[in-house]
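Protein sequences, first through last, are from chains X and B.
Position one of the first sequence corresponds to residue 64 (this note's numbering), numbered consecutively onward.
Position one of the second sequence corresponds to residue 64 (this note's numbering), numbered consecutively onward.
Quick caveat, the hints were computed from the structure, so don't treat them as lab data.
Please note that the accuracy of each hint is not assured.
Identical copies carry no separate label here, and so any pair may be met within one copy or between two of them.
Claimed, not checked - Quick list of in silico lysine to any residue cross-link-like pairs, SDA-like style, CA-CA up to 25 angstroms:
1. Lys311 - Pro105
2. Lys120 - Ala371
3. Lys172 - Thr227
4. Lys377 - Thr80
5. Lys311 - Gln103
6. Lys311 - Glu112
7. Lys311 - Val106
8. Lys377 - Arg308
9. Lys86 - Ala229
10. Lys311 - Leu177
11. Lys172 - Arg326
12. Lys311 - Ser102
13. Lys120 - Gly87
14. Lys172 - Thr247
15. Lys311 - Gly171
16. Lys172 - Arg381
Protein chains: 2
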Amino acid sequence: MDAAVLTAARPRGDVETLARLAKGDMAAVDALILDRMQSQVPVIPLLAEHIVSAGGKRLRPLLTIAAARAVGATEVENALKLAASVEFIHTATLLHDDVVDGSERRRGKVAAHLIWGSATSVLVGDFLFARAFELMVETGAIRALGILAQASGVIAQGEVLQLTRAHDLNLDQETYLRIISAKTAELFAAAAEAGAVGVGADERTTAALRSYGLNLGLAFQLADDALDYGGSSEALGKNAGDDFREGKVTLPLLLAVARTRGREDAFWDRTINGNQRTEDDFRRARELIIGTGAVSATLDAAGDYADAAKAALKVLPRGDWRSALESLADFAVSRAS
Amino acid sequence: MDAAVLTAARPRGDVETLARLAKGDMAAVDALILDRMQSQVPVIPLLAEHIVSAGGKRLRPLLTIAAARAVGATEVENALKLAASVEFIHTATLLHDDVVDGSERRRGKVAAHLIWGSATSVLVGDFLFARAFELMVETGAIRALGILAQASGVIAQGEVLQLTRAHDLNLDQETYLRIISAKTAELFAAAAEAGAVGVGADERTTAALRSYGLNLGLAFQLADDALDYGGSSEALGKNAGDDFREGKVTLPLLLAVARTRGREDAFWDRTINGNQRTEDDFRRARELIIGTGAVSATLDAAGDYADAAKAALKVLPRGDWRSALESLADFAVSRAS
């Protein structure tokens, strides 16, 4: 059964339009990243290159650039540095996350800690985090720096919260949203906000871009959670079913557990609380999660956040950048169907 | 054999004079630390409190306060916040260090990662690091922020360098000094420099305080290294012999290896490269290290750095604060004899 049949038609959207517009800026950001991850200690650039070059879509620094450009900035030197800082912070959290979760793969490659060891991964994460702040200091944009410092604190708190509650079937939806807001959406929000602040945008525009980023981040994360049960591994960029295999409680699972209360409690208790999960269990979980409409409900929620993200952009001047950001919000959800 | 008999008499010095002068300021710093380590996620303040309250002498924030006061500042609000930031950065590196080294004890207590797990320790370290930068942003002292951001990067690089070379008998003295400069002395230097910059001291004074901190940090670290072979566990605050037990290469060991070349190669090769170390081996290593004068040579080097630290203070106005800082430099070495 495909998740696509369960969701109402939505605009498809894409990320390429924005990537094309930002191509020159992003090349400059990549050059900055490469330059600032160097160190006299040979293993540092080696490990950093392993994860940075795998790259993916660089959505977060793209948001910083897009925010600066969308408010009409032509002098984007600060935004480039802030964008590189955002990617450094993101990479540092990925390195630490993979150590914390014992993940085996990242961005389609073997996770760094399996090659260089957990110790080095932790320390190179620290190094990249420090480099992020050094770059921000160069901009002199102390307010942008404050936004990203605060976001870093929120992310760490979200990760600790997830760590302590990730396998808890009694997790309520509100706490779950709090976790993904902190762990994922906060950096999207801060990336966009910092881009606007870094080029001197006014309060109203800055707040709008923060709201766009936050809602976009929630849409992306919820669509990811849905894809893990309703999508193909290709669409997901990692193996479908990984959340279940790791016993990770996400919104589709929480909804399905609630919707099968009294009927499947033993199954959920054994597989999630009891940590006994076979591939047959995954197929059964997937059936229950799709069958109860939990995947489509999750995608509906993602769609609502994508709509809120687009609505936030209305205070921005119309133009190519704003349209591309709108399309990115649609893409967050449509890639999952 | 006691290391004391091997070293020339030096002024004894103490830390209490400075601690007494800074008592009021440090109480304010402690209150700030307690306030800013709070979080809605319950395990975070719990873990932070475990390591922060064990506290020790709080040498690094003490340096920030002393630097600000020694240059004559009376308005020290910024210095208080910078001092708390310095302690947060230090605490974050301790948490990560203990995970990286698998250390069992810290500040006389069970290491946090053995109570709450490595994952939580890594993430709470990240949280404290982020909080440090949030506090610095509040001061608006972007130059001080830059100094501490850079120091954080240097520390991480020093730790990676140590990780890759710590058990290498071919480590040369220069690389060893590079490691302890980065890993230990840099934060002492940055703490003092940031304190001066945060209250608007001139370039010459700021550079002098940085130099004081750097040399003081080297003196402390070398005296620590000497104490591990020549001192008592009480003077050290940890078990004497821990460096040897962990196969960690420090200056006394490097000197002894060089001074017993052709005679004890097999012993060093088995114990350090071969990772076979009994308590008898430690006693033998200790005899060789003291017998060849390697402990006293290390203490002499520490003494030279302490003297350089004191000399750097000459550009500062005479007074209680300067005297107390001089006494602290002497204490760095005299506590080891």
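Can you tell me if Lys172 and Arg381 fall within 25 angstroms by alpha carbon in one copy, between copies, both or neither?
neither (39 angstroms within a copy, 60 angstroms between copies)
Treating 25 angstroms as the Cα threshold, decide for Lys311 and Glu112: within, between, both or neither.
Cα proximity of Lys311 and Glu112: none, with 29 angstroms in one copy and 29 angstroms across.
With identical chains, the pair Lys86 and Ala229 could be close in the same copy or across copies; at 25 angstroms between alpha carbons, which is it: within, between, both, or neither?
So Lys86 and Ala229 fail the 25 angstroms test inside a copy (38 angstroms) and across (44 angstroms) alike.
For Lys377 and Thr80, with the copy left unspecified, which applies at a CA distance of at most 25 angstroms: within, between, both, or neither?
So Lys377 and Thr80 pass the 25 angstroms test inside one copy only (19 angstroms; across, 62 angstroms).
How do Lys311 and Gly171 come out at 25 angstroms by Cα distance, when the copy is not named: within, between, both, or neither?
within (20 angstroms within a copy, 36 angstroms between copies)
Which holds for Lys172 with Arg326 at a C-alpha limit of 25 angstroms: within a copy, between copies, both or neither?
neither (40 angstroms within a copy, 48 angstroms between copies)
At most 25 angstroms between CA atoms: does that hold for Lys120 and Gly87 within a copy, between copies, both, or neither?
The answer is within: 15 angstroms in one copy meets 25 angstroms, while 51 angstroms across copies does not.
Alpha-carbon proximity context of Lys311 and Leu177, limit 25 angstroms:
Classified as both: same-chain Cα gap 21 angstroms, cross-chain 24 angstroms, threshold 25 angstroms.
Indicate which option fits the pair Lys311, Ser102 if close means a Cα-Cα distance not exceeding 25 angstroms: within, between, both or neither.
Between copies only: 23 angstroms across chains, 37 angstroms inside a chain, cut-off 25 angstroms.
Within a copy, between copies, both or neither: which one fits Lys311 and Val106 at a CA-CA cutoff of 25 angstroms?
between (32 angstroms within a copy, 20 angstroms between copies)
Given a CA cutoff of 25 angstroms, do Lys172 and Thr247 count as a within-copy pair, a between-copy pair, both, or neither?
within (21 angstroms within a copy, 35 angstroms between copies)
Can you tell me if Lys311 and Pro105 fall within 25 angstroms by alpha carbon in one copy, between copies, both or neither?
between (36 angstroms within a copy, 21 angstroms between copies)
Of the numbered hints given earlier, the model fails hints 6, 8, 9, 11, 16; all others are met.
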